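So the protein sequences, as listed, match chains G and E.
Residues in the first sequence are numbered consecutively from 50, following the numbering used here.
Residues in the second sequence are numbered consecutively from 126, following the numbering used here.
No lab work stands behind these hints: they were computed from the structure.
This structure is a prediction, so every number in the text was calculated from the model and none was measured.
Backbone N, C-alpha and C define an ideal beta-carbon position, used for all residues, glycine too.
Check the hints yourself; a few may be wrong.
[To be verified] Covered stretches of chain E (chain G as the covering partner; in silico rule of three or more C-beta atoms under 8 Å from a C-beta of chain G):
id: 1; segment: 341-353
id: 2; segment: 376-389
[What the hints assert, rightly or not] Calculated from the model, a selection of chain E residues having no Cβ within reach of chain G, i.e. all distances over 12 Å:
id: 3; residue: 141
id: 4; residue: 295
id: 5; residue: 296
id: 6; residue: 297
id: 7; residue: 307
id: 8; residue: 313
id: 9; residue: 317
id: 10; residue: 321
id: 11; residue: 362
id: 12; residue: 414
id: 13; residue: 423
id: 14; residue: 463
id: 15; residue: 480
id: 16; residue: 495
id: 17; residue: 514
id: 18; residue: 543
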Amino acid sequence: MNESKKILVIEDDPDIRTLLNVRLKAAGYAAVFAFDAVTAISTARKENPDLIILDLGLPGGGGYVVMERLRALATLSLTPIIVISAQDAKVHTERAGAAGAYAFLEKPIDSDRLLAALAEVLSD
Amino acid sequence: MQRLIGTQSALIALILGLCAAGAAVFGLSDRVDSARTQTSLLSSLQLDVERLHISALKVALHRRATSVQRLQLRRFQAKSDRDLAGLRGRLTPRDLRQVRLDSAIFVRTVAQEFDAGDQSGTVFTRLNRHFETFTDKLAHLRSGADDRYDRANHERKIALAALIGLTILSLAVFERRGRVARRQRADALRRENDRLVELDTMKEEFVASVSHELRTPLTSIRGYVELLLDGEGGPTSDDQNDFLRVIDRNTDRLLSLINDLLAVTRAEAGGLVLTYERNDLGNLVRDAISGAKPAAAARSIDLRVVAEPLPEVSVDPTRIGQVLDNLLSNALKFTPVGGTVEVRLVALNGEVQLEIADNGVGIPAAEQARLFERFFRTAEARGSGIQGTGLGLAISKTIVEAHHGSISVASTPGVGTTFSVILPAAA
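Please model the entire structure based on the sequences and the hints provided.
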């Protein structure tokens with residue numbers, strides 16, 4: 050049933066990209082990837098994903114800048130975003146929420162929580 | 126160094142000046158005192174001499190004096206006694222010699238005149254005149270002595286004024302030096318404080334950045350271990366799964382160390398922001414206990430609560446929950462299988478006391494004092510392989526104290542340990 054759902058993972062760490070690829074595919078999602086702020090926008094426009102998993106620490110501009118640009122695009126302004134980061138959860142949970150993220154997940158990511166969050170957003 | 130020498134020389138000069146002024150005052154005082162002693166001694170001598178001469182005169186007069194003359198003589202004597210008493214002044218030995226000579230000449234003259242059968246009225250007129258001259262002379266001599274006394278006294282006053290001036294000056298110099306030193310110390314303290322605040326900020330930033338850098342690789346380690354355990358990498362043997370769980374457990378350990386480190390650094394940098402809510406501590410304790418139940422059950426530990434109705438407390442529930450979790454987790458870790466952990470809640474006067482008592486291994490007295498230090502772990506904790514970062518109690522103490530409360534421990538090795546937290550009741 051998840052076959053049709055496409056998730057864009059914007060993450061600069063290749064190991065974590067691979068990890069998420071395995072997890073998402075196993076859960077039945079289609080995953081596409083971007084590794085910096087610039088490719089994030091072009092990939093998002095091209096792929097038009099159902100959901101975006103966004104890392105905050107990205108080369109070429111922080112995750113918040115990417116969020117702002119995505120929100121400015123008509124086709125992606127409503128695409129749910131789940132922020133993942135190794136940065137201080139106490140600071141960023143609130144900030145990410147204020148910037149329009151659906152959820153903030155602290156790294157190391159609890160894969161059960163991630164999949165639960167994905168299911169919750171995408172079932173709507 | 127040069128400035129130091131400069132201030133030292135100034136100091137020495139000042140001390141020498143003070144000594145000189147002091148000596149001058151004492152010297153002059155001596156001079157004044159000795160002048161006073163000398164003159165009073167001389168004046169009493171002079172009076173004795175005068176009496177001697179007047180007695181001689183009296184004898185001389187008595188020989189041929191009439192009753193009127195004797196009366197006149199008595200009056201003269203009374204007057205001379207009064208005047209001489211008023212003249213108790215200050216005379217030098219030379220003055221005294223002069224007085225004695227004059228008197229001797231006078232007595233001889235009067236005696237000769239008596240022998241020559243002179244008119245007694247003339248004798249008395251001369252006697253009076255002589256005495257007036259004599260008292261004038263004494264008054265003049267006394268005023269000279271007074272002048273000397275006044276001069277010495279004046280000099281003493283000047284020296285005293287100089288001493289006082291110098292003392293005030295030196296006090297002012299010391300005070301100024303003290304003020305400068307105090308200001309320098311205050312400046313140094315301020316600079317030191319600024320530097321420490323800066324260091325604290327740097328430390329916090331450093332720990333935040335290190336924690337970020339450590340979490341990223343841990344994300345991969347844990348993620349891939351979980352993939353393997355979930356069979357995403359193909360089937361694994363039971364041994365392989367056990368090994369993978371060891372990796373996973375140690376990843377947890379590293380992660381909690383990072384979290385604790387971040388928490389303690391932030392708390393120390395004053396970044397512990399508390400969101401106060403009025404709350405029944407009993408509710409928070411029940412939440413913490415329900416979280417700890419599985420761990421207690423796993424080791425057959427009897428975990429129970431004894432609570433009396435409590436006044437509300439004003440606390441940050443997340444932070445106090447962290448303290449409760451910490452204390453409960455410690456109590457469970459150090460209590461043997463089948464033991465007891467009892468949580469007691471007691472209302473004190475304006476305060477609420479929470480006790481978490483176990484009948485575990487206990488903590489030696491020497492180690493109790495260090496329990497709340499960062500990274501301190503008891504020999505028992507290290508030796509028995511019980512996991513922990515040594516930061517939990519340090520964090521708990523910081524949190525409790527931020528709530529204006531206190532935390533303490535009482536323990537007897539082999540009997541058990543009781544941690545007490547006292548929090549002020551809500552106003």
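Hint check:
1. 341-353: Result for this restraint: holds, n = 10.
2. 376-389: holds (count 3)
3. 141: holds, 67 Å
4. 295: holds, 60 Å
5. 296: Answer for residue 296 of chain E: holds, closest chain G Cβ roughly 57 Å.
6. 297: For residue 297 of chain E, whose nearest Cβ neighbour in chain G is about 56 Å away, the distance exceeds 12 Å, so it holds.
7. 307: holds, 42 Å
8. 313: It holds; residue 313 of chain E is separated from chain G by about 35 Å at its closest Cβ, greater than 12 Å.
9. 317: The assertion about residue 317 of chain E holds, with a minimum of 29 Å to chain G.
10. 321: Per Cβ check, residue 321 of chain E is outside 12 Å of chain G; nearest 23 Å; holds.
11. 362: For residue 362 of chain E, whose nearest Cβ neighbour in chain G is about 21 Å away, the distance exceeds 12 Å, so it holds.
12. 414: At roughly 24 Å from the nearest Cβ of chain G, residue 414 of chain E sits farther out than 12 Å, so the non-interface label holds.
13. 423: Holds, since 21 Å exceeds 12 Å.
14. 463: For residue 463 of chain E, whose nearest Cβ neighbour in chain G is about 33 Å away, the distance exceeds 12 Å, so it holds.
15. 480: holds, 30 Å
16. 495: Its Cβ never comes within 12 Å of chain G, the nearest being 29 Å, so this holds.
17. 514: At roughly 17 Å from the nearest Cβ of chain G, residue 514 of chain E sits farther out than 12 Å, so the non-interface label holds.
18. 543: holds, 32 Å
Hint check: no violations occur; every hint is consistent with the structure.
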